[in-house]
Amino acid sequence: MTYTFWILLTASLVGISCGIVGVLLILRKMAMLSDAISHTVLLGIISSYLITNSLDGFYMFIGAAIVGVLTTVFVQLLNSAGVQSDAAIGVVFTFLFAIGVILVSMFARDVHIDVEHSIMGEIAFIPWMTVDWFGIEGIPQAVWMLGFVLIIDLFLILLLYKEFKLSSFDPGLAAALGLPVGLLHYVLMGMTSITAVASFDAVGAILVVAMLIAPGATAYLLTERLHMMFILSAVFGVIAAVTGYFIAAWLNASIAGMMATMAGVLFLLAFIFSPTHGIIAKRFSQRKIQQVDIET
Amino acid sequence: MLNLLMDPNTQWVLFGTTLLGITSGVLGSFALLRRQSLIGDAMSHAALPGICIAFLITGEKMMGALLLGAGISAYIGTYCIQAIVRHTRLKMDTAIGLILSVFFGVGIVLMTFINRLPSGNQSGLDEFIFGQAAAMVSGDVRVIAIVAVILLVITLLLFKELKLLIFDREFAQGLGLPTTVLNGLLMTMIVTAVVIGLQAVGVVLMAAMLIAPPITARYWTNRLDHMVIISGLVGALSGGLGTFISAPITGMPTGPLIVVSACTLFLISLVIAPERGLFVKAWRLYQLRKRTAQEQILQSLYERTEEQYEKTETIDAFSREALEALRPLSDFRFKKAVANLQKSGDVEAYKNGYSLTLSGCERAHRVTLNNRLMQMYAMHELQFASLPMEHYNWDFLSIPEDDRNSLDHLLKEHQLQPKLLHRLPETERINR
Amino acid sequence: MNPITANNITVAYHRKPVLQSVSFEAPEGKLIGIIGPNGAGKSTLLKSILGLVPKASGDVNIYGKTYRKQRQIVGYVPQRGSVDWDFPTSALDVVLMGRYRQIGLFRRPKKNDVKEAMSCLEKVGMEQYANRQISQLSGGQQQRVFLARALAQNAHIYFMDEPFIGVDAATEKAIVQLLSELREQGKTVIVVHHDLQTVKDYFDWVMLLNVRKIAFGPTNETFTSDLLQKTYGGKLTFLDQKEEEGVPFA
Chain A
1 MTYTFWILLT ASLVGISCGI VGVLLILRKM AMLSDAISHT VLLGIISSYL ITNSLDGFYM
61 FIGAAIVGVL TTVFVQLLNS AGVQSDAAIG VVFTFLFAIG VILVSMFARD VHIDVEHSIM
121 GEIAFIPWMT VDWFGIEGIP QAVWMLGFVL IIDLFLILLL YKEFKLSSFD PGLAAALGLP
181 VGLLHYVLMG MTSITAVASF DAVGAILVVA MLIAPGATAY LLTERLHMMF ILSAVFGVIA
241 AVTGYFIAAW LNASIAGMMA TMAGVLFLLA FIFSPTHGII AKRFSQRKIQ QVDIET
Chain B
1 MLNLLMDPNT QWVLFGTTLL GITSGVLGSF ALLRRQSLIG DAMSHAALPG ICIAFLITGE
61 KMMGALLLGA GISAYIGTYC IQAIVRHTRL KMDTAIGLIL SVFFGVGIVL MTFINRLPSG
121 NQSGLDEFIF GQAAAMVSGD VRVIAIVAVI LLVITLLLFK ELKLLIFDRE FAQGLGLPTT
181 VLNGLLMTMI VTAVVIGLQA VGVVLMAAML IAPPITARYW TNRLDHMVII SGLVGALSGG
241 LGTFISAPIT GMPTGPLIVV SACTLFLISL VIAPERGLFV KAWRLYQLRK RTAQEQILQS
301 LYERTEEQYE KTETIDAFSR EALEALRPLS DFRFKKAVAN LQKSGDVEAY KNGYSLTLSG
361 CERAHRVTLN NRLMQMYAMH ELQFASLPME HYNWDFLSIP EDDRNSLDHL LKEHQLQPKL
421 LHRLPETERI NR
Chain C
1 MNPITANNIT VAYHRKPVLQ SVSFEAPEGK LIGIIGPNGA GKSTLLKSIL GLVPKASGDV
61 NIYGKTYRKQ RQIVGYVPQR GSVDWDFPTS ALDVVLMGRY RQIGLFRRPK KNDVKEAMSC
121 LEKVGMEQYA NRQISQLSGG QQQRVFLARA LAQNAHIYFM DEPFIGVDAA TEKAIVQLLS
181 ELREQGKTVI VVHHDLQTVK DYFDWVMLLN VRKIAFGPTN ETFTSDLLQK TYGGKLTFLD
241 QKEEEGVPFA
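Protein chains in written order, with full-length UniProt numbering: chain A, 1 to 296; chain B, 1 to 432; chain C, 1 to 250.
Among the hints, a few may not be true.
[To be verified] Quick list of simulated restraints, FRET-style, between CB atoms: (1) Pro27/C - Leu416/B: 24 to 34 Å; (2) Ala339/B - Ala81/A: 26 to 36 Å; (3) Phe134/A - Gly104/C: 30 to 40 Å; (4) Arg320/B - Ser119/C: 50 to 60 Å.
[Stated by the list, open to error] Using 25 Å as the maximum straight-line C-alpha spacing, the simulated DSS-like pairs for lysine-lysine come out as follows: (5) Lys230/C - Lys412/B; (6) Lys336/B - Lys55/C; (7) Lys123/C - Lys30/C; (8) Lys290/B - Lys55/C; (9) Lys123/C - Lys111/C; (10) Lys173/C - Lys200/C; (11) Lys30/C - Lys200/C; (12) Lys123/C - Lys110/C; (13) Lys336/B - Lys290/B; (14) Lys290/B - Lys16/C; (15) Lys16/C - Lys230/C; (16) Lys16/C - Lys281/B; (17) Lys55/C - Lys335/B; (18) Lys311/B - Lys412/B; (19) Lys351/B - Lys336/B; (20) Lys230/C - Lys200/C; (21) Lys123/C - Lys173/C; (22) Lys419/B - Lys311/B; (23) Lys69/C - Lys55/C; (24) Lys65/C - Lys55/C; (25) Lys29/A - Lys91/B; (26) Lys69/C - Lys30/C; (27) Lys282/A - Lys91/B; (28) Lys55/C - Lys281/B; (29) Lys230/C - Lys419/B; (30) Lys30/C - Lys65/C.
Think of the hints as simulated: they come from the structure by calculation, not from any bench.
This one's a predicted model, so the numbers in the text were calculated from it and none came from an experiment.
Ideal Cβ positions, reconstructed from N, Cα and C, are used throughout, including at glycine.
Isolated chain A (complex conformation) (with noise of 0.2 Å):
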């Protein structure tokens, strides 16, 4: 197994897990809450170490993800408390990002806990930190989380699909058959949680925002059915990751940075180009119908 084979795995891995993901959030008008979320997994490291006093991944991981949680919990409680979405949003994050910031600056200065990394990523070491789980040696340990996260996210929307698609479309009805909206919303909240302390590593708490956010929103541009985005939005995250890597590896530049610039790309190119929603296509058939005006 190459070093490259294990780079390109973990990009691959993570542009499959937030690519899916980022499709119920986009549908869900929740995209700036998965924003919150990747920020504050940093307190959620950084707690954990402080408790734990170990750089254990699993404990960091379980850390990460009830932070995650209780981000989209203070958000709700400021929403109900009567603080508007947006700004609700902005406060809980950036509180607890400095937050997280501080106490790595006053406890931690010294340890592998770097800011600097925790926004970036470092997707380039990743292959050198492998450890030895379930007698299988060799394999990095962000694979392990990423397969790990991917396959619950997998089995949780596949087990749950329909119920996360009418409670995005419709969620009055949704409460209205009795359908458990709060615990579906929880258990998206959750998977993003995992899905961002996992790809953390990778590409770092801002970008894996991209990961989330960008092929979904491209898949969004290109389809209308719900399981074929989810497909899309996947595959696009596996070309935004694999493209960004060879790229960033050419120019030598920050592999992360490439991947969510290539997602970008890949948007950019669906805003532009898509047969159904993209700019051409819309003058296009604007021209049309005023011809169709002039005619008749």
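Assemble chains B and C onto chain A, guided by the hints.
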């Protein structure tokens, strides 16, 4: 501590962060009221590639050039968000998340190029990500001060125009105000406030400076002009506090502390503010529930008594069932409300049920009258549209006489005026 | 037993009462219209019955049990504007959503469910649009999809929030047809309605609502100019015109 405050460097930093707090607090108010708080987040992230490009072009850390680059790319990012929302079916939140993360990604890529340049390692551009207030020098602060003053003066001069713009853009247009220009100006001012704050607070946390002070201010006032001033003060206070606390501790980052101060001020306001604070709200809800239950029982008793007196000219006690038939209450609420009414001497309990006392009869009369006036008001809402009921706390007994007379007239028309109190003969009232 | 029994429903936003002590018992197998001026709390009444807004007081029974226990026999057609029609899904899929409770948690729709959904689409004359993306449907077609979805729920009681708003004549006709079909099957339908002209033709019973219940009963007894005057206050000008034109109104 005092020594440190006497240190001219610290003074410059303190001055700078306080000024930043004021400007972002003032301009954040406008962003908040337009429900565009998170656009500030997108702007600050989108500024990063501009900073990098400016550095790549000039080859050195020239404050003016960096700020210009930051402003331009933040502006482009904002424009992209609006274009995405206008031309596709993607919603605002998705567009914001997309633009902020992708622009940031581009910035990170550019940053790796800069770090490979010979001059790059010392470029200090990293400090734009997390901010490094302590590294501000007098020159930086002078730039910030000039920009801040310009922003504040423009806000002051155009205050009423901006107010109208955010409140009702179409109306402003109808008045002949150049709304497109004003809108562009406001956007530019917000971008500028973000950009000058980046060095101190950083890309990631800048959003907090635009959001936390105004929502804090919102808890203390309902007027825009007061809100803008309070917001500026809160911003200044957080800037000062953050710097003050972090200065004596080596290695303590200033930006996050400023943000934590601002958010703490918000949390305090959220709980204790008069009128809107959580404490007051919870207390009011408790009072409202208590009063509603009491009033429902009083009105039911009144109506039952009224009905009976009409027929038989006698007064009797009424069972809980008879009252519940009119307005059911839960067991807990009923017992508690009755106990309270007994304590205040409005209701007496007998073997066969409950009855109004004389004072209770008067109170019940007022309650019933008020509720029936409310019905009349609701049925003829258009006619009374100019009556500011919020102002009177929905108490119809305190409204001006003219309106009261016409409502009374309506009551008579519908034969709903409460009659019991006036029909009870004097002796009956006393000798029960 | 009555399909719906509501007791003392009070709803308030801040201090302003939206509904005040509304109680009623709906008869079975009737088409019931709820009418009243804007802001009279019509939609709020539906939503409070369905537990979608918090009540300050009161309770609702569906066939003698709480709504929570009886959800499976209640169908709800919300206002068309309440959902995002850009959602990537087809008309058939939306109708299928009505059967999610029968299908059950975690399970996927079976062929049978699809067939059922298809026949509901046929009933509203939308079968040829089954695979159309919902944003490509006209307003009236979207409303019909919503109705088909309610049919797919196969409920005993239906609540509809302004189904006639912004629809074309064909859709209006289809909805009326459907309503009478539901009545023939012995179902109870409660419709929030705003068009006074059509009340007499569409509904067996009406509730006149303005924050409190003004009247509730068979249409020919309740829909009288006297009670309407009481409901709408001075706002109702067309009533007088009607009477002047010699159209008997009550």
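**OP:** Take the C-alpha atoms of Lys311/B and Lys412/B, compute the straight-line distance between them, and say whether it is at most 25 Å.
**Re:** holds, 20 Å
**OP:** For the pair we were handed, Lys123/C and Lys111/C, check the Cα-Cα distance against 25 Å.
**Re:** holds, 19 Å
Original post:
Given the proposed pairing of Lys65/C with Lys55/C, does the C-alpha separation stay at or below 25 Å?
Top reply: Holds, at about 18 Å.
Original post:
Has the given pair, Lys173/C with Lys200/C, been kept, meaning a C-alpha gap of at most 25 Å?
Top reply: holds, 15 Å
Subject >> Satisfaction of hint between Lys281/B and Lys55/C, Cα-Cα up to 25 Å >> reply: With Cα atoms ~18 Å apart, Lys55/C and Lys281/B stay inside 25 Å; holds.
**OP:** Please work out if Lys16/C and Lys281/B have their alpha carbons no farther apart than 25 Å.
**Re:** Holds - the C-alpha atoms of Lys281/B and Lys16/C are around 15 Å apart, at most 25 Å.
Original post:
For the pair Arg320/B and Ser119/C, does the Cβ-Cβ distance stay inside 50 to 60 Å?
Top reply: Holds - the Cβ-Cβ distance for Arg320/B and Ser119/C, about 52 Å, lies within 50 to 60 Å.
**OP:** Compare the distance between the alpha carbons of Lys30/C and Lys65/C with 25 Å, and conclude whether the hinted pair is satisfied.
**Re:** holds, 20 Å
Original post:
Taking 25 Å as the top limit, are the C-alpha atoms of Lys29/A and Lys91/B close enough?
Top reply: holds, 7 Å
Original post:
Under the criterion that the straight-line Cα-Cα distance not exceed 25 Å, is the pair Lys16/C, Lys230/C satisfied?
Top reply: Distance of about 21 Å is within 25 Å: holds.
Original post:
Going straight from one Cα to the other, do Lys55/C and Lys335/B come out at no more than 25 Å?
Top reply: Status holds; Cα separation ~20 Å.
Original post:
When you check the alpha-carbon spacing of Lys230/C and Lys412/B, does it fall within 25 Å?
Top reply: holds, 13 Å
Hint check: no violations occur; every hint is consistent with the structure.
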